[in-house]
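Number of protein chains: 2
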Amino acid sequence: MFNFDYYNPTHVLFGNSRINDIGKHIPQNARVLVTYGGGSAKKFGTLDEVKTALGHRYVAEFSGIEPNPHLDTLMKAVALVKEHNIDFLLAVGGGSVVDGTKFIAAASEWDGDIWDMWSKRLPIQSALPMGCVLTLPATGSETNGTAVVTNTQLGAKMGYNSPLLFPLFAVLDPTKSYTLPKRQVSNGVVDAFVHVIEQYLTYPVYNKVQDRFAEGLLLTLIEEGPKALTSTDNYDVCASVMWSATLALNGLIGVGVPQDWATHRIGHQLTALYNLDHAQTLAILLPSLLHVQKETKRIKLLQYAERVWDISGGSDVEKINLAITKTRDFFEDMGVKSRLSAYGISEDAIDKVISNLKRFNMIPLGEHQDIDELKLRKILSLSY
Amino acid sequence: MFNFDYYNPTHVLFGNSRINDIGKHIPQNARVLVTYGGGSAKKFGTLDEVKTALGHRYVAEFSGIEPNPHLDTLMKAVALVKEHNIDFLLAVGGGSVVDGTKFIAAASEWDGDIWDMWSKRLPIQSALPMGCVLTLPATGSETNGTAVVTNTQLGAKMGYNSPLLFPLFAVLDPTKSYTLPKRQVSNGVVDAFVHVIEQYLTYPVYNKVQDRFAEGLLLTLIEEGPKALTSTDNYDVCASVMWSATLALNGLIGVGVPQDWATHRIGHQLTALYNLDHAQTLAILLPSLLHVQKETKRIKLLQYAERVWDISGGSDVEKINLAITKTRDFFEDMGVKSRLSAYGISEDAIDKVISNLKRFNMIPLGEHQDIDELKLRKILSLSY
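As you go down the protein sequences, you meet chains W and H in turn. All the letters of the first sequence, read from the start, carry residue numbers 1010 to 1393 under the numbering used here. All the letters of the second sequence, read from the start, carry residue numbers 1010 to 1393 under the numbering used here.
It should be emphasised that the hints constitute simulated quantities derived from the structure, not laboratory data. Just so you know, not all the hints are guaranteed correct.
[What the hints assert, rightly or not] The calculated lysine to aspartate or glutamate pairs, modelled on EDC-like cross-linking and capped at a C-alpha distance of 16 angstroms, are:
id, chain 1, residue 1, chain 2, residue 2
1, W, Lys1328, W, Glu1315
2, H, Lys1033, W, Asp1014
3, W, Lys1384, W, Asp1360
4, W, Lys1346, W, Asp1286
5, H, Lys1166, H, Asp1120
6, W, Lys1033, H, Asp1125
Working from the sequences, and respecting the hints, build out all of it.
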């Protein structure tokens, strides 16, 4: 097991009607900016619940935080913070709204060039306090200190991390996911699943607890994910998916183990180039990457085959191949197509993706930093 | 899944030589009281490492915190805090030292009758900040806000809990457990195992993630616990046991599920009456309790049999009986005897334990509050 730090101070408020309790975690005299995305927070009444729970506090609103939130949009919120003397941020939405609000929290307290701070990962000394009300289980952003923001002018999507960006609290109310479009449910389950895989399917370092926890999340997502597509208002199913997605990226399963993240890095370029949903890129790339990395990931792939997919017969190679096939089938069963060709993307994507990764100095990739251009070409070719 | 709150702000510093990093988590001008138990923290050099890491800070010492720490002892430390204007506490030891130091942290800031506060669970408004360096994996106290203190004059052992009593940081260095006496290793594994069981073996509430995590910890303790007795300086084995014991009681596996704790409550009386080690009482009582509660715990016992002990053949009753037998065998393999008779305790203990539990108004017990005097008598009779 590697040495590690684990720190996660976010107070989780899990369950039905927990929005009612946010007042206990926000100063009485706070001046609150409520941030959200499109109309669904308003349409389904979540925004009204939030405002009721905020009581007599001063409340301003900022709407329109888009998926893969844009610097330009978020800077408008930073201006609003200053204009209204805001001292508390409350994100209501999915991972993009939470990520965007973390950016606002950091940027509002930064003197100097904000994109410089973000893109060069200069450490912030302070940030506005924030909380969040999650409506879409997927990214895990609700209980971590990480955020990703897109600078459309530069065509850059940059992540940032600070212990000052953990939300003070996160409301996880499974009923808030009842009204999600099916595509978002599908994407959320696939995203959470691949988050776990990127921290699990590497090489063994005798971290038995982290392995068991990761396998527990994968098994739960495999059992509950498909149910979430048909039983859209089943509380227990939605609760299982929501809690799994949070634990997939709250830091716990990743401590003391090697991590991969190549699937995510390559996937970001597919999103940038072809506007595919983030989860679609993961479903396309992960099975191919596992095939290409079959040797370096052999021991963990066998463990994955046996413990997660209950595969006991056959040779090692057969077990591994079957586990990869079952992984792809799971994505397809979740309604996320797992071939580039299914999205009508032609084979010139291979060169374009590699060229983008080169431009951002992202090659080599993987837990051994052994995914070079040749391997990338294989991974992408196998993705058709 | 039940609604729940989860909050755990302790910063974990896990791994070899992490004591070197404590300086980053303690103010430069802090006046530190280092608390410890017997001589082992001194003898094996941990105390010297701690003092080196504290650098130029003012350091006072308080030694002699005993197992099941006594009010009288701890009040001497409270006096020392005032005398030396201490503003930071650093516990070096196992669960008793950490628990005792939490008491000192709370008592040092309390105006009024301290035992009144503790025993009546009056909420504290402040506590001294504290950190800890764990030398004995077992209780989980290093990353929770709970402490148990014994008032020998009143013959009372009382627990207390406050979010203000989470250690700011916890150093978990597996090499610190290399020098432990075998009995403490055995006890620690059994204690951690039963902590998990008390939060797992109740009745199902569709909390699939918590179940998987609990099973993961049980499987790890079953695999690694016996190795820890023979490979006393195997880093990976010691790391697995230490991390499992911490996660067994950091609050995570207990959220959103029913909890039992009857085995602990009854066990405390056996310790009070016969001075048995805490883990010995758990090893004695748990198998009998599971037998008596076979019906109310049926569904989870079957899941436990199948997932933890890999029992697939036989009738439900046979599976459950075999799982209970394997649980008892595990305790015995860990070197902890699991029968009252093995400790030379005669059958009049049954009446004495029940009489104590009555005196403290602790009956009925269990997740359904259905362990009455009759069931208690059965549990204790089966423990011979």
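Results of checking the hints against the structure:
{"no.": "1", "hint": "W:Lys1328 / W:Glu1315", "in the structure": "holds, 8 angstroms"}
{"no.": "2", "hint": "H:Lys1033 / W:Asp1014", "in the structure": "holds, 13 angstroms"}
{"no.": "3", "hint": "W:Lys1384 / W:Asp1360", "in the structure": "holds, 13 angstroms"}
{"no.": "4", "hint": "W:Lys1346 / W:Asp1286", "in the structure": "holds, 11 angstroms"}
{"no.": "5", "hint": "H:Lys1166 / H:Asp1120", "in the structure": "violated, 22 angstroms"}
{"no.": "6", "hint": "W:Lys1033 / H:Asp1125", "in the structure": "violated, 27 angstroms"}
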